[in-house]
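Asker: Starting from the given sequences, assemble the full structure and let the hints guide the process.
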Amino acid sequence: MSERTNDYLSYMRLVLGLYILKSLQQGPAHGNKIAEEIKRRTKNYYSPNTNLLYPLLRIMEEKNYIVGVWDNPATRGRRIYTITQVGSAYIPELEAKLKDRLEEAEARIEILKSDLLES
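When we follow UniProt numbering, the leftmost residue of the sequence shown carries the number 1, and every step to the right adds one.
Worth double-checking, as some hints may not be accurate.
As the list claims (entries may be wrong) - Distance condition first, Cα-Cα at most 20 Å in a straight line; then the derived EDC-like pairs of lysine to aspartate or glutamate:
id	residue 1	residue 2
1	K22	E93
2	K33	D71
3	K22	E61
4	K33	D7
5	K99	E110
6	K22	E36
7	K22	E37
8	K63	E95
9	K113	E103
No wet-lab data here; the hints were simulated from the structure.
Predicted model only: the values in this text are computed from it and were never measured.
Answerer: And the structure:
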(Lines of atoms letter the chains of each structure in order from A and count residues from 1; the text may use other names and numbers.)
(Lines give C-alpha, C1' and ligand atoms only; values in the text may rest on other atoms or scores of the structure.)
Protein backbone atom coordinates (compact mmCIF):
# COMPACT_ATOMS: atom_id res chain seq x y z
CA MET A 1 0.00 0.00 0.00
CA SER A 2 1.37 3.41 -0.93
CA GLU A 3 2.13 6.13 1.61
CA ARG A 4 -0.61 8.29 0.07
CA THR A 5 -3.16 5.47 0.46
CA ASN A 6 -2.09 4.94 4.08
CA ASP A 7 -2.38 8.67 4.74
CA TYR A 8 -5.88 8.78 3.25
CA LEU A 9 -7.00 5.73 5.26
CA SER A 10 -5.53 7.25 8.41
CA TYR A 11 -7.45 10.47 7.76
CA MET A 12 -10.71 8.60 7.05
CA ARG A 13 -10.33 6.48 10.20
CA LEU A 14 -9.78 9.67 12.20
CA VAL A 15 -12.88 11.36 10.76
CA LEU A 16 -15.01 8.22 11.01
CA GLY A 17 -13.80 7.40 14.53
CA LEU A 18 -14.67 10.87 15.74
CA TYR A 19 -18.10 10.67 14.10
CA ILE A 20 -18.70 7.26 15.71
CA LEU A 21 -17.85 8.51 19.18
CA LYS A 22 -19.83 11.74 18.81
CA SER A 23 -22.83 9.81 17.44
CA LEU A 24 -22.71 7.40 20.36
CA GLN A 25 -22.66 10.30 22.81
CA GLN A 26 -26.29 10.77 21.75
CA GLY A 27 -27.10 7.20 22.76
CA PRO A 28 -26.52 3.54 21.81
CA ALA A 29 -26.78 2.65 18.13
CA HIS A 30 -26.10 -0.15 15.64
CA GLY A 31 -23.73 0.25 12.70
CA ASN A 32 -26.35 1.19 10.12
CA LYS A 33 -27.82 3.81 12.43
CA ILE A 34 -24.35 5.28 13.00
CA ALA A 35 -23.79 5.39 9.23
CA GLU A 36 -27.17 7.09 8.70
CA GLU A 37 -26.37 9.64 11.41
CA ILE A 38 -23.03 10.47 9.79
CA LYS A 39 -24.70 10.85 6.41
CA ARG A 40 -27.34 13.14 7.95
CA ARG A 41 -24.79 15.24 9.83
CA THR A 42 -22.69 15.70 6.68
CA LYS A 43 -25.77 16.66 4.62
CA ASN A 44 -25.34 13.49 2.50
CA TYR A 45 -21.78 14.50 1.62
CA TYR A 46 -20.23 11.48 3.31
CA SER A 47 -21.74 8.01 3.42
CA PRO A 48 -19.42 5.70 5.36
CA ASN A 49 -18.12 2.68 3.50
CA THR A 50 -19.10 -0.46 5.43
CA ASN A 51 -15.67 -1.95 4.62
CA LEU A 52 -14.19 0.84 6.75
CA LEU A 53 -17.00 1.30 9.31
CA TYR A 54 -17.37 -2.23 10.68
CA PRO A 55 -13.66 -3.04 11.01
CA LEU A 56 -13.21 0.32 12.76
CA LEU A 57 -16.06 -0.47 15.15
CA ARG A 58 -14.29 -3.74 16.03
CA ILE A 59 -10.98 -1.94 16.57
CA MET A 60 -12.69 0.66 18.75
CA GLU A 61 -14.24 -2.16 20.80
CA GLU A 62 -10.82 -3.79 21.25
CA LYS A 63 -9.43 -0.45 22.49
CA ASN A 64 -12.39 -0.07 24.89
CA TYR A 65 -13.63 3.17 23.29
CA ILE A 66 -17.00 1.51 22.71
CA VAL A 67 -18.83 -1.62 23.87
CA GLY A 68 -20.99 -3.71 21.56
CA VAL A 69 -23.66 -6.24 22.47
CA TRP A 70 -25.90 -8.29 20.20
CA ASP A 71 -29.56 -7.20 20.25
CA ASN A 72 -30.41 -10.90 20.00
CA PRO A 73 -27.44 -13.11 20.94
CA ALA A 74 -29.08 -16.19 19.40
CA THR A 75 -29.34 -14.70 15.91
CA ARG A 76 -26.59 -12.09 16.17
CA GLY A 77 -28.70 -9.74 14.07
CA ARG A 78 -27.51 -6.30 15.12
CA ARG A 79 -24.69 -5.22 17.35
CA ILE A 80 -25.64 -2.25 19.51
CA TYR A 81 -22.73 0.02 20.43
CA THR A 82 -22.33 2.31 23.44
CA ILE A 83 -19.53 4.77 24.11
CA THR A 84 -17.35 4.09 27.18
CA GLN A 85 -15.68 6.55 29.54
CA VAL A 86 -12.42 5.78 27.74
CA GLY A 87 -14.09 6.68 24.42
CA SER A 88 -15.53 9.91 25.81
CA ALA A 89 -12.12 10.88 27.19
CA TYR A 90 -10.52 10.16 23.78
CA ILE A 91 -12.72 12.64 21.87
CA PRO A 92 -10.63 15.78 22.65
CA GLU A 93 -7.47 14.03 21.40
CA LEU A 94 -9.21 13.04 18.16
CA GLU A 95 -10.57 16.57 17.76
CA ALA A 96 -7.05 18.01 18.14
CA LYS A 97 -5.65 15.54 15.60
CA LEU A 98 -8.42 16.35 13.12
CA LYS A 99 -7.96 20.09 13.62
CA ASP A 100 -4.24 19.72 12.79
CA ARG A 101 -5.00 17.65 9.69
CA LEU A 102 -7.65 20.10 8.46
CA GLU A 103 -5.39 23.12 9.03
CA GLU A 104 -2.67 21.37 7.03
CA ALA A 105 -5.13 20.66 4.20
CA GLU A 106 -6.40 24.24 4.26
CA ALA A 107 -2.83 25.54 3.94
CA ARG A 108 -2.26 23.32 0.89
CA ILE A 109 -5.53 24.48 -0.67
CA GLU A 110 -4.60 28.15 -0.13
CA ILE A 111 -1.26 27.59 -1.90
CA LEU A 112 -3.04 26.03 -4.89
CA LYS A 113 -5.73 28.73 -5.01
CA SER A 114 -3.16 31.49 -4.77
CA ASP A 115 -0.82 29.98 -7.34
CA LEU A 116 -3.34 28.72 -9.88
CA LEU A 117 -6.48 30.84 -9.56
CA GLU A 118 -5.40 34.33 -8.58
CA SER A 119 -3.98 36.59 -11.24
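Asker: Take the hints in turn and mark each one as holding or not.
Answerer: These are the hints, each one checked on the structure:
no., hint, verdict
1, K22 with E93, "holds (13 Å)"
2, K33 with D71, "holds (14 Å)"
3, K22 with E61, "holds (15 Å)"
4, K33 with D7, "violated (27 Å)"
5, K99 with E110, "holds (16 Å)"
6, K22 with E36, "holds (13 Å)"
7, K22 with E37, "holds (10 Å)"
8, K63 with E95, "holds (18 Å)"
9, K113 with E103, "holds (15 Å)"
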